[in-house]
Amino acid sequence: KQEVTQIPAALSVPEGENLVLNCSFTDSAIYNLQWFRQDPGKGLTSLLLIQSSQREQTSGRLNASLDKSSGRSTLYIAASQPGDSATYLCAVNAGKSTFGDGTTLTVKP
Amino acid sequence: GAVVSQHPSRVICKSGTSVKIECRSLDFQATTMFWYRQFPKKSLMLMATSNEGSKATYEQGVEKDKFLINHASLTLSTLTVTSAHPEDSSFYICSAGGQGVIDTQYFGPGTRLTVL
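Protein chains in written order, with the numbering used here: chain A, 1 to 109; chain B, 110 to 225.
Read the hints as simulated data drawn from the structure, not as lab findings.
From a predicted model like this one, the values you see are computed outputs, not experimental measurements.
Ideal Cβ positions, reconstructed from N, Cα and C, are used throughout, including at glycine.
Any given hint might turn out to be false.
What the hints assert, rightly or not - Some, not all, of what chain A presents toward chain B, calculated at C-beta under 7 Å:
no.	residue
1	Val13
2	Phe99
3	Asp101
4	Gly102
Whenever a hint applies, use it, and build me the whole structure from the sequences.
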């Protein structure tokens, strides 16, 4: 059974800092991995999708990496802003998506 | 990009009533759709896999008679919460992929169900 773990569970940083969110999974036989953002009481916003054959994807200030053999992915956020405050979820697709519990990020002005 | 819609976005009902939630893929056909449930301050838990033209596959612990899933066409799957009770109050999200399970999953905006 696929298990997805996200560390840390919560993170508070001052505005402007670069930060890294971690996602680990137990079964490396995956099709792809997605990072999502979820604001309180809202649905999911897809941030980045990495196919199993890829190593990283970039979108603006966000960079996601994937090391399938070690079962790890990281989401790097550069020059964080208060508007980045949200819960970040990773989802591993191995035929069906398994989500981590998320990292709740607070960026203080 | 591909769009998945859900209707309604929010529903409040009395205990004992049944509620139907629709999930539609607007610009692509989806042979497989997935239904998730999210408890407050928790992550998404897969409830079932909905297959067009066949019975849904439910995850362990999910009552199939409680959560009825119908995938009537390649663009529509419905989740019916039967005889809803307050403990069924939750955020329900569906996802769909154009090429089945290996494809990118596009997620709907979610439906917030509150049972009084």
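For each hint, the structure was consulted:
no., hint, verdict
1, Val13, "violated (20 Å)"
2, Phe99, "holds (4 Å)"
3, Asp101, "holds (5 Å)"
4, Gly102, "holds (6 Å)"
Of the numbered hints listed earlier, the single one contradicted by the structure is hint 1.
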